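Colleague: Chains as they are written, first to last, in the working numbering: chain Y, 1 to 76; chain D, 1001 to 1469; chain R, 2001 to 2291.
Treat the hints as calculated values from the structure; they're not laboratory data. This one's a predicted model, so the numbers in the text were calculated from it and none came from an experiment. Quick reminder that beta carbons are idealized off the backbone N, C-alpha and C, glycines included. All the pointers check out, no bait thrown in.
Sample of chain R residues lacking proximity to chain Y, with all beta carbon distances greater than 10 Å (derived):
(1) R2092
(2) A2182
(3) T2276
Stretch by stretch, here's where chain D covers chain R in the computed footprint (C-beta under 8 Å, at least three residues):
(4) 2143-2155
(5) 2168-2180
(6) 2233-2243
(7) 2249-2262
Some chain R residues near chain Y, calculated using beta-carbon distances under 10 Å:
(8) N2063
(9) Y2113
(10) S2114
(11) L2116
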Amino acid sequence: MTLDEMPRDRRGVVTALDTRGAERRRLMDLGLLPGVSISAELRSPLGDPTAYEVRGTLVVLRGHQARTVHVELEDR
Amino acid sequence: MSSDLLDDAARLRRALPDDVGDRVVESLYTDAARLASTSVDRDDARARLTLDRALDRILTHRVWGFVAMGVLFFGVFWFTIAGAAVPSDLLYVLLVENGHAWLRDVFVAAGAPSFVTGLLVDGVYLATAWVVAVMLPPMAIFFPLFTLLEDFGYLPRVAFNLDRLFARSGAHGKQALTMMMGYGCNAAGVTATRIIDSRRERLIAIITNNFSICNGRWPTLILMGTIFVGAVVPPGLAGVVAAGSVVAVVILGIGVTLAVSWTLSRTVLRGESSVYSLELPPYRPPQLWRTLWTSIVDRTLKVLKRALMMAAPAGAVIWLIGNVHLGDASLAAHLVNALEPLGWVLGLNGVILLAYLVAVPANEIIIPTIIMLTLTLGANTVGAAPGVMLELGDDAAVGSVLVTAGGWTLLTAVNLMLFTLLHNPCSTTVLTIWKETRSARWTAVATLLPIALGFLVCASVAGVVRAFG
Amino acid sequence: MRGPGGGTEDLPTPRPGPSQDTHDSHDAAPGCASCALSTGGARLARLGLAPGRHDHVVALAGNPNTGKSTVFNALTGLRQHVGNWSGKTVARAEGGFTYGGARYRLVDLPGTYSLLSTSADEDVARDALLFGQPDVVVVVVDATRLERNLPLVLQIRQITGRVVVALNLVDEARRHGLTVDARHLTRELGVPVVPMAARRNEGIPDLLAAIAQVAGTEDAPAPLRLVHKDPALEEAVTELAGRVAGRFPGVPNARWVALRLLEGDPGIEAAVRDGTLGELATPATPVERAG
Ligand SMILES: Nc1nc2c(ncn2[C@@H]2O[C@H](COP(=O)(O)OP(=O)(O)OP(=O)(O)O)[C@@H](O)[C@H]2O)c(=O)[nH]1
Ligand SMILES: [Mg+2]
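Input sequences plus hints: build the corresponding full structure.
Modeller: Set out below in C-alpha cells:
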C-alpha cells in the first residue's frame, strides 16, 4: 500500500519511493529511505497534509507525495 | 574551450542510465544511514516526548487547532494593546506635552527666531516624540511575545494547519512562514521568501507579503481600534473589541493573501509547483530572558531608530507645508483641499491621503503625521493654537481631536484600518523587492497592486455605508 | 563504510590563502600552529562584527534548524536571529573571534539538506562552501536526527577534509534517550566530532580547540573518495575527472566535480562556464602533503 492509505494507529516500513529527481531527493533528505519505520501522526485540520513520524521526527507530506511512498504494515 | 568539458560531460552522461543521479544519491543516503545506526544508541520508546505529542494533538486538532491559533494570536494583540496603553500615555505626557512645552520655552528664552523654533520644535521634535510615544510600547511588547511563539516552535504548526488553503491557492507551503515573518517587517518577510524553491511561487510570496501587517502599521490599527471601534461598546468590553478589530484586519489580510495568490497563480504566474517540504521541530522551551533582552535591544530599538530617522525629516516637512502660505492658505491646506474629493470617495479624507504621501518612506509616521496635520489645519478652523490642543493627554483626547477638528467618523477609522492593510509597501520593502527579484516589472506590480486593491475596497465600503447608512 | 582518506586522493588540499601573509600572528606557538592546542592558555575573545584582518575563515554549515546561528552567536558575541523552525537564516552573516592568538572570521550560513541545492538560500550555503574556500567547515549536526544530517556531512567530506563536526543538541538527545558515540563517528569520518549544546554553552571550548587544530594543520585528511558501485559510472567519473583536473589543475576534488557534471548540476556547469571553478584552484601554490 502507499503511505496515504496507511491507517493512523499502525506503523509501516518504507519499501520503495515511486518518484524521481528533486522530489525523491527531498523525501530522502527528510529521512524517508527504504527500510525506515514510519507512522501517520497528525492530520492537518483541513484534511491535508499529514505529519509522519520518522525516527522520532515529524515530517509533513502532502497527499500527492505520500502516494509515491510504498509501505508495508508492521506487525502489531 | 571550457564548454569542451561540458560537452564531454554531456557525451558521457548520454551513455549512462538516466536515473544515475538518483542512484548515487541513494547510495549516499544508505551510507549515512548505516553510519548513523552504528553510532547511535537508541531507546525508541522515548523517541518523541509524550508532552510534545499531546501538545501537537491539541494545536493541530480539527477544532482546537484553530481555536488555539485564534486564542494565541488574539492574546498577543490583546496583550499588546492592553499593555501598551499606560506606557504610551506616560510617554505622551512626558515627551509630547511636557517635553514639547519645555523645549519650546528653552528655544524662546534663547531668543531663537520663530521659524527656527517652529521647524525644529513644532516640526522635527514633535514628530519624533509622537513616534516614540505611539510605537515604542507596542513594539516592546509585541516583538518579545511573537519571538516567544517562534522559539517555542509554533510557527511551523500554523503553516501545517493552513497548508491546504495555501495549496489550493497555488502558493508554496512555506508561504505561511514568510507571511508570519512579514508581521515583524515586510522587508524581512520578502527576504525570507528565499526558502521557497521556484521563482513563480517566490514571486507570489513576495507580492503578497505586504498583506502581512508590519510593525510600522500595528500602531495605526491599534490606535484606530482603541479610539473608534472600542468606543462603540461598553468600556468593560472595549479592550477585547479593540483587539478583536485588529485581529479581524489580520485575518482579512490572510484572506487577501490567499485570494491574490490564487489569482496570480491562475493567470500571470501559472506553472508547476515545486517540491513541498515542511518539518515540525520539537517544541523547545524559549529562553525567556534572552528573548526579552534581544527582542528589545535588537528589534525594538532598531525599528525605533529607523522610525525616528524617518520621522525627523517628515516633521520638518509637516511644519513647512503647514506654515508656508500660498495666497490665503497654507500649502498643506491647498494640498488637503486638492486631495479631499478623492479622500471622500475612499471614505477617508484629504489629511489622511496627504499623510500617506508624506509618509511614503515609512509607515511608522502615519499616525503622528495625521494628528499633526489635523491639529495644524484644525487650528485654523477651530481657532486655537496647536499647543492648546496638545494638552489633552490620552487616546480619548486624540480621538476627540480627530472628531472635532478633523471631522472623523467610525467610517473614517474603519477605512483607515483597511487602507493600512491595503496600500503600497514602504520604501525599504520596495527596495528589498527590487533586490530580490531584480525585476522592475514585478517590483511595480508588488507596489501598485496593493494600493489599487486599497482604493477598490475603501471606495466600495464607503459607497455601501453611505447608501445604507 | 569508505574509510576517511581510505582511497587516498592525490590532489593536494589547498593551502588556506589568508593565513599565509599573517603567519607571524601565531605567536602562541611559533612554527607549529597546531601546538596552540597544548599551550593550554588559549582563550576565546568575541570580536562581534570584526571587519578587517583575519587569519582563518570558518564556515558554519549544516541542516536547517540544527543550531548554526546559536553556535555563531556563542562564538562571536553577536545576536544573529535564531528561531525554532527550518529556514530562519536565509543569507550569510559574518562575525569574528580570536582564539589562541589567531583571528578567525566566522560565516553563518543558511541551513541546507544537501549540496544539491534547489532554493536560493541553499545556493548561498553551497556557493560559500564550494567557492568561498573556508579554512575550516564546521558542520553543525543535530544529535537527535543523525541519519538525516550525515548525508550533508559526507557530501562536505567529499569536497574537503578541513571539517569539524559539531554534534549539537546533545542535551535534547539525552532527554530523548539517545546516546551518540562521538569517538566512533570521529574514526569513521576522519575529522574531529565535538559533542555540544550550544544554547547552554556546553562544549564550546572543545569546539574551539578542534577548529584551531584543523585551521592550523598543514595536512588535513584528504577528501573522501567515492568509488561508485556501477562500473559504467565509475569509468565515466574517472574519465571526466581527468579532464576536470586537466582543465582546472588544483581543483580540490575533481571526482566530485565530475560527478556533479555528469548529473547535470546547473550550478557547477555555470561555474565551469564562467571560470569560477578555476578560482578554486588559484591559491594552490601546491603544498606537498607530508606523508
Ligand atoms: N535545547 C537546545 N536547543 C538549541 C541548542 N542549540 C540551538 N537550539 C535551539 O534550536 C533552534 C534553532 O537554532 P538556530 O541557531 O536558529 O538554528 P540554525 O541552524 O541557525 O537554523 P536555520 O538558520 O533555520 O538553518 C533554536 O530554537 C535554538 O534555541 C542546544 O544546544 N540545545
Ligand atoms: Mg540560522
